[in-house]
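**Q** Sequence:
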Amino acid sequence: MEISVEQMMQIENNGHRMGFLKKFMMENAGAIAVKRLAEKFDTLESKNILIFVGLGNNGGDGLVMARHLAGYGSKVVVVLLGTPDKIKTEESKWNWSLLEKMSSVKLISDMDNLDFTPDIIVDGILGTGISGEIREPYASAIKYINDSNCFKIAVDIPSGVNPDNGETANVFVQSDMTVTFHKMKRGMPKRRDLCGEIFVEKIGIPPEAEEGVL
1 MEISVEQMMQ IENNGHRMGF LKKFMMENAG AIAVKRLAEK FDTLESKNIL
51 IFVGLGNNGG DGLVMARHLA GYGSKVVVVL LGTPDKIKTE ESKWNWSLLE
101 KMSSVKLISD MDNLDFTPDI IVDGILGTGI SGEIREPYAS AIKYINDSNC
151 FKIAVDIPSG VNPDNGETAN VFVQSDMTVT FHKMKRGMPK RRDLCGEIFV
201 EKIGIPPEAE EGVL
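For the sequence shown, position 52 (counting from the first letter as 1) is numbered 52 according to the working numbering, and the numbering increases by one without interruption.
Because the hints were derived from the structure by calculation, they are not lab data.
Small disclaimer: the values here were computed from a predicted structure and weren't measured.
Treat the hints loosely; a few may be bogus.
With a straight-line cut-off of 30 Å between C-alpha atoms, the simulated DSS-like cross-links for lysine-lysine are [said to hold, decoys possible]:
id, residue 1, residue 2
1, Lys101, Lys75
2, Lys86, Lys143
3, Lys202, Lys190
4, Lys190, Lys106
5, Lys183, Lys101
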């Protein structure tokens with residue numbers, strides 16, 4: 001079954017009201033995405049992993065991934081496309097504050113300081129929250145991702161791809177793997193050329209959260 005972004009938001013809100021907090025959804029999403037990466041590669045230990053994160057919950061999923069990947073022994077660099085004070089959600093702020101306490105993860109907010117050759121890049125920039133033209137610094141980050149000769153994984157949906165209809169913005173990520181959550185988004189099957197291998201993963205949302213939505 002494929003669902004719209006609006007339906008997914010309603011389901012998440014319903015689950016949150018039931019007591020399955022969005023913080024838990026984010027934790028499970030990031031953890032399962034890392035598990036899929038671990039299955040793809042023989043080992044993640046000592047792998048150079050570059051994670052681009054936006055200021056919303058898609059970026060928050062990427063922050064969770066950073067913590068889990070550090071636990072696997074990966075060398076992790078997180079590029080925040082903005083400043084920490086502009087992070088939009090409590091869940092993402094909480095995960096950023098955790099990473100600030102971890103010397104095993106390097107945090108940067110300026111791509112000009114990026115001196116790192118990644119084996120894997122994580123796209124946690126925009127996800128399903130896309131609307132309108134993609135501007136800086138997001139556009140440069142997407143170009144960097146596409147120009148990089150390494151494995152690319154998108155969180156939820158490649159940045160720049162409309163999850164409802166598969167249409168693309170002025171710039172968009174071309175990923176090798178996409179891990180999306182709860183249910184397939186309607187636009188994704190049309191854009192397997194950009195999504196790569198697609199995994200649809202459960203993140204613990206109670207089925208009752210779908211009542212009145214699906």
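**Q** Quickly compare the C-alpha distance for Lys101 and Lys75 to 30 Å and report which way the hint goes.
**A** 16 Å, holds
**Q** Can you confirm whether the C-alpha distance between Lys190 and Lys106 stays at or below 30 Å?
**A** 36 Å, violated
**Q** If you draw a straight line from the CA of Lys202 to the CA of Lys190, is it 30 Å or shorter?
**A** Holds, at about 21 Å.
**Q** Taken at face value, is the distance from the CA of Lys101 to the CA of Lys183 at most 30 Å?
**A** It is violated: about 33 Å lies between the C-alpha atoms, which goes past 30 Å.
**Q** Hey, Lys86 versus Lys143, does the alpha-carbon distance stay inside 30 Å?
**A** Holds, at roughly 23 Å.
Violation of the numbered hints given earlier is confined to hints 4, 5; the remaining hints are satisfied by the structure.
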